[in-house]
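Undergrad: The chain contents come next:
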Amino acid sequence: MNKPLVNVEGLRVEFPSKRGAIAGVQDVSFTIEPGEIVCIVGESGSGKSVSAYTLMQLTKFSGGWVADGRLTLEGGSGNEIDLRTADEARMRTIRGNEIGMIFQEPMTALNPSYTIGWQLAESLQQHRDMSREEAAGRSVELLKQVRIPEPERRLKQYPHELSGGMRQRIVIAMALACEPRLLIADEPTTALDVTVQSEILALIRKLRDETGAAVLLITHDMAVVAQMADRVVVMQNGRVAEDGPVEQVLTDPQHPYTQALLAVVPKLGDMAGKTLPEPMETVATTDCQIDKPLQPGSHVLLDVRHLTKRFPIRGGWLGRTVANAHAVEDVTFRILEKETLSLVGESGSGKSVTGLCILRLERPDCGEITFGGQDLLALSDEDMRLARRDMQMIFQDPYGSLNPHMSLLEQVIEPLKNFGLEAGSALEDRAAELFDRVRLPRAFLRRYPSELSGGQRQRVAIARALAPKPKLIIADEAVSALDVSVQAEVLNLMMELQAEMGISYLFIGHDMAVVERVSHRVAVMYLGRIVETATREQIFASPQHDYTKSLLAAVPTLDLAHRAEKWELATKPPPSPIHPVGYVPEPVHFDKVTEDHFVLRSGVGPAGERKYGP
Amino acid sequence: MADVSNPAIEDAIDPRDERENLHDYLYALWRDKITASAVLFLLALLAFTVGAEFLAPHKPTGLNLADRMLPPFSTGKKGLFYLLGTDELGRDLFTRLIYGARVSVSVGLLGATLSCVFGVIAGLTAGYYGGLYEDLVMRFVDGMLSLPSLLVALFVLFILGGGFANLILVFAVLHWMVFARMSRGLALAARSKTYVVAAKAMGASGRRIVFRHILPNVVAPILVLYTLEIAILILSEASLSFLGFGVQPPDPSWGLMIADGREHIRSAWWLVAFPGLAIFLTALCLNLVASWVRAVTDPAQRWRWFAIGSGGRE
Chain A
1 MNKPLVNVEG
11 LRVEFPSKRG
21 AIAGVQDVSF
31 TIEPGEIVCI
41 VGESGSGKSV
51 SAYTLMQLTK
61 FSGGWVADGR
71 LTLEGGSGNE
81 IDLRTADEAR
91 MRTIRGNEIG
101 MIFQEPMTAL
111 NPSYTIGWQL
121 AESLQQHRDM
131 SREEAAGRSV
141 ELLKQVRIPE
151 PERRLKQYPH
161 ELSGGMRQRI
171 VIAMALACEP
181 RLLIADEPTT
191 ALDVTVQSEI
201 LALIRKLRDE
211 TGAAVLLITH
221 DMAVVAQMAD
231 RVVVMQNGRV
241 AEDGPVEQVL
251 TDPQHPYTQA
261 LLAVVPKLGD
271 MAGKTLPEPM
281 ETVATTDCQI
291 DKPLQPGSHV
301 LLDVRHLTKR
311 FPIRGGWLGR
321 TVANAHAVED
331 VTFRILEKET
341 LSLVGESGSG
351 KSVTGLCILR
361 LERPDCGEIT
371 FGGQDLLALS
381 DEDMRLARRD
391 MQMIFQDPYG
401 SLNPHMSLLE
411 QVIEPLKNFG
421 LEAGSALEDR
431 AAELFDRVRL
441 PRAFLRRYPS
451 ELSGGQRQRV
461 AIARALAPKP
471 KLIIADEAVS
481 ALDVSVQAEV
491 LNLMMELQAE
501 MGISYLFIGH
511 DMAVVERVSH
521 RVAVMYLGRI
531 VETATREQIF
541 ASPQHDYTKS
551 LLAAVPTLDL
561 AHRAEKWELA
571 TKPPPSPIHP
581 VGYVPEPVHF
591 DKVTEDHFVL
601 RSGVGPAGER
611 KYGP
Chain B
615 MADVSNPAIE
625 DAIDPRDERE
635 NLHDYLYALW
645 RDKITASAVL
655 FLLALLAFTV
665 GAEFLAPHKP
675 TGLNLADRML
685 PPFSTGKKGL
695 FYLLGTDELG
705 RDLFTRLIYG
715 ARVSVSVGLL
725 GATLSCVFGV
735 IAGLTAGYYG
745 GLYEDLVMRF
755 VDGMLSLPSL
765 LVALFVLFIL
775 GGGFANLILV
785 FAVLHWMVFA
795 RMSRGLALAA
805 RSKTYVVAAK
815 AMGASGRRIV
825 FRHILPNVVA
835 PILVLYTLEI
845 AILILSEASL
855 SFLGFGVQPP
865 DPSWGLMIAD
875 GREHIRSAWW
885 LVAFPGLAIF
895 LTALCLNLVA
905 SWVRAVTDPA
915 QRWRWFAIGS
925 GGRE
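First to last, the protein sequences are chains A and B. The numbers in the numbering used here rise by one with no breaks, and the one at position 112 of the first sequence is 112. For any residue, its number in the numbering used here is found by taking its place in the second sequence, counting from 1, and adding 614.
Read the hints as simulated data drawn from the structure, not as lab findings. One or more hints might be untrue.
As the list claims (entries may be wrong) - Simulated crosslink set (DSSO-like; lysine-lysine; CA at most 27 Å straight-line):
{"hint": "1", "chain 1": "A", "residue 1": "LYS206", "chain 2": "A", "residue 2": "LYS549"}
{"hint": "2", "chain 1": "A", "residue 1": "LYS144", "chain 2": "A", "residue 2": "LYS60"}
{"hint": "3", "chain 1": "A", "residue 1": "LYS471", "chain 2": "B", "residue 2": "LYS807"}
{"hint": "4", "chain 1": "A", "residue 1": "LYS206", "chain 2": "A", "residue 2": "LYS3"}
{"hint": "5", "chain 1": "A", "residue 1": "LYS471", "chain 2": "A", "residue 2": "LYS417"}
{"hint": "6", "chain 1": "A", "residue 1": "LYS469", "chain 2": "A", "residue 2": "LYS549"}
{"hint": "7", "chain 1": "A", "residue 1": "LYS3", "chain 2": "A", "residue 2": "LYS274"}
{"hint": "8", "chain 1": "A", "residue 1": "LYS60", "chain 2": "B", "residue 2": "LYS647"}
{"hint": "9", "chain 1": "A", "residue 1": "LYS206", "chain 2": "A", "residue 2": "LYS274"}
{"hint": "10", "chain 1": "A", "residue 1": "LYS417", "chain 2": "B", "residue 2": "LYS647"}
{"hint": "11", "chain 1": "A", "residue 1": "LYS471", "chain 2": "A", "residue 2": "LYS274"}
{"hint": "12", "chain 1": "A", "residue 1": "LYS469", "chain 2": "B", "residue 2": "LYS647"}
Claimed, not checked - Stretch-level coverage of chain A by chain B, calculated; a stretch enters the list once three of its residues show a Cβ under 8 Å from a Cβ in chain B:
{"hint": "13", "region": "412-419"}
{"hint": "14", "region": "544-555"}
Where a beta carbon is used, it is the ideal one built from N, C-alpha and C, also for glycine.
Chain A extracted, bound-state conformation (with noise of 0.2 Å):
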């Protein structure tokens, strides 16, 4: 290795603002060797994709310039370009062609409306100049290489037929298919499920192997650097704070940024042996003040039976219901008074919509649904309204569940109009008082929520829900878009309030360190259907459903030495929940391991996906 491939030195990167230019990136360096793969580490506005993605003169898009420093590529034949003046002609034979990228979000990278085949196509008669059946030939080739069964059917496919990991693949394969010898994967499985995310990290490896591409990979998870890195570059407030080969920095971190990052990191185990669940470990250590025990009381709460949903498709003539989608399938669980019941599983397993239903947010088909003593499902509409003052929920992306165009104050006494609660100059004292509970400054009252983080934004909406005084929260995902640090603080902050005020919570998730420090009891979900259900040492301890098992096991921890090798776990998809019109599930039934410990028996989860399939 005589010559780096990509050498960054000194970057600033501006950007403007109401008091003059900032500088979102200040003196950074780093350099990237061929072959290697660099991970850049930090918490969201750290400047760690901004720095990426001057590489590609992309940050122009969003209104910033590079202020200083130099960036160079190595050309191939000794030859250096120089990516700060290359103009946009020059640019567009380096991206793609020399620098391959791999977006967030696969779904938005694909274009809905033309084919696999057509989107791999076009950048190989772009780039290579290949006829069309040169490019259908090295399409599938292509394919083969991420691992994606049946190519050549595939290739007729649209992005909406495949599965989020299978489109990740696709997304991947188009990165891949100029060969480039740059990489730049911009949190490439942060949408994605625990399970598919280490084959996607897997599967990268393998190609740098396989290739010799040098990846860049952004990323905010310290798991998935241990997974992924050769070298580290820490970021924080648009500065490098640390930058080292993997092991040194993992094991021996020099820089008190990311001693802190690796401390918030929960990881799996960390509650063995204990019955309740404790606050996390932050950054802050003062951030917390839990005196009492979380103790769950004895009154059941929410008593949910048989809850069944599904939703028709339609399609033919005059829109007729050809088929449905079995969302949640025959769900049972009670929540106690100031319990924390935990309902695992993967995107589609229908986790949310068990938890919208239970506000009546969407309209169960059958089953039953008792809250405080009521029946919820014999409301009208106007009397579920006003049950809704004891139920609450905070939805996942605290960007998408605060109205743009409302001020803070507006939003969180927006309940408190609602239900006629408080009024006047009440309401701006109370919604003071949230902000103080929630630790916002009162000044941010008058503030939008586009002026806010996303761990602001979340405070937010754990104000708003908690300003009607709700018995019970459904947190819906609600630290998973959040960094982790701010994630600790979030969860700490609900589990003080569930100690003060006896809040129960409904915790929807996926990610199984958390859950495993927050939860009384867990119900782990799939294709609809609970298939385990224990309190949350039992779980962790001993998991007795193949699909809890596989679950855990995804998990990607801080362990070096347990890199994930297994590219080629799951290559057919997910069994369908899509079962025509007359089709009646089997019934479920539990066997009980222990007491509070059941397991399904019929054929759900990957050993019985025959069973499933259609």
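Could you slot chain B onto chain A? The hints should help.
TA: Only chain B this time, still in chain A's reference frame:
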């Protein structure tokens, strides 16, 4: 590339606790020269409309057959100067444009506003509530859209009689459907947004969700349609006035002036060109100003307009 901006910009914005004041808005307007000119044009138009009696150089209906069909910038027999020339009866075109603005602009504004209000209410509620109500409203819209509008307008005006008020009423009845269709689509899209679901979870009533939560978020495309509709109405007024059911000559309106000037287009191009230009400029300026207002009132976007430094919107 949708997400390229977010991490970067979040870093770059210095979140503010103080809101922009009038001075900030004026400064932002000053830096955006094109929008500033549009605002000036509209202000001038307003001034001329209100103060036509004082500002117009001639009488709008003052015949002067000696000075017929003079081209722009000409001086008549009695030494009168005609900035934009004269028409076939020797009336000053500039004066008639100023007086015509009164009719045209108010017909356009009032007609578009009325139809916008009806249409948006019908469309948003239909899109949000759905079901039978939506079917009824939207089928009614389809039915109305399939009527030949000019014919209906003629028929109704024939029965009710022409004149300013009836004209606006007819326009509202015949033009609200476009707004209804568009806002129904917008409401459908907004209905599944998380903040709307969240509002429902917080106990907001249907009406509150539609007008307090959905409406402010869909104003942008409606504003654009609204400004286009003003221009369309100004032209529709022309055809109706031409057929004798709108504004009655010799009162001027831009549309009527175009209609009258058509006969002489070969010999006197200015008779058509200037009223046409007036309609075009008015619509364009309304459009520019509307899009600027939309941008500076959008909490997520407005920082760009107040940002200082190159690389912003220049």
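Undergrad: Now tell me, hint by hint, if it's right for this structure.
TA: Taking the hints in turn, this is what the structure says about them:
Taken as a hint, the LYS206(A) and LYS549(A) pair is honoured in the structure, with Cα atoms around 25 Å apart against an allowance of 27 Å. At roughly 35 Å between alpha-carbon atoms, LYS144(A) and LYS60(A) are farther apart than 27 Å, so this suggested pair is violated. A hinted pair counts as satisfied when its Cα atoms are at most 27 Å apart, and LYS471(A) with LYS807(B) qualifies at roughly 25 Å. Of the supplied pair hints, the one linking LYS206(A) and LYS3(A) holds, its CA atoms being roughly 24 Å apart against a limit of 27 Å.
The straight-line distance between the Cα atoms of LYS471(A) and LYS417(A) is roughly 19 Å, inside the 27 Å bound, and the hint therefore holds. Annotation: proposed proximity of LYS469(A) to LYS549(A) is violated, straight-line Cα distance about 37 Å (limit 27 Å). Restraint check: the Cα-Cα separation between LYS3(A) and LYS274(A) comes to about 53 Å, which exceeds 27 Å; the hinted pair is violated. Restraint check for LYS60(A) and LYS647(B): the C-alpha separation of about 23 Å stays at or below 27 Å, so the hint holds.
Under the criterion of a C-alpha separation no larger than 27 Å, the hint pairing LYS206(A) with LYS274(A) is inconsistent with the structure, at around 39 Å. At roughly 43 Å between alpha-carbon atoms, LYS417(A) and LYS647(B) are farther apart than 27 Å, so this suggested pair is violated. A threshold of 27 Å between alpha carbons decides the hint, and for LYS471(A) with LYS274(A) the separation of about 25 Å falls inside it, so the pair holds. Our distance criterion of 27 Å between C-alpha atoms is broken by LYS469(A) and LYS647(B), whose separation comes to about 51 Å.
A stretch counts as covered by a chain when three or more of its residues have a beta carbon under 8 Å from one of that chain; for the region 412-419 of chain A and chain B the count is 4, and the coverage holds. Coverage of the region 544-555 of chain A by chain B is violated in this model, with 0 residues showing a Cβ closer than 8 Å to a Cβ of that chain against a need of three.
Hints 2, 6, 7, 9, 10, 12, 14 from the earlier list are contradicted by this structure; the remaining hints agree with it.
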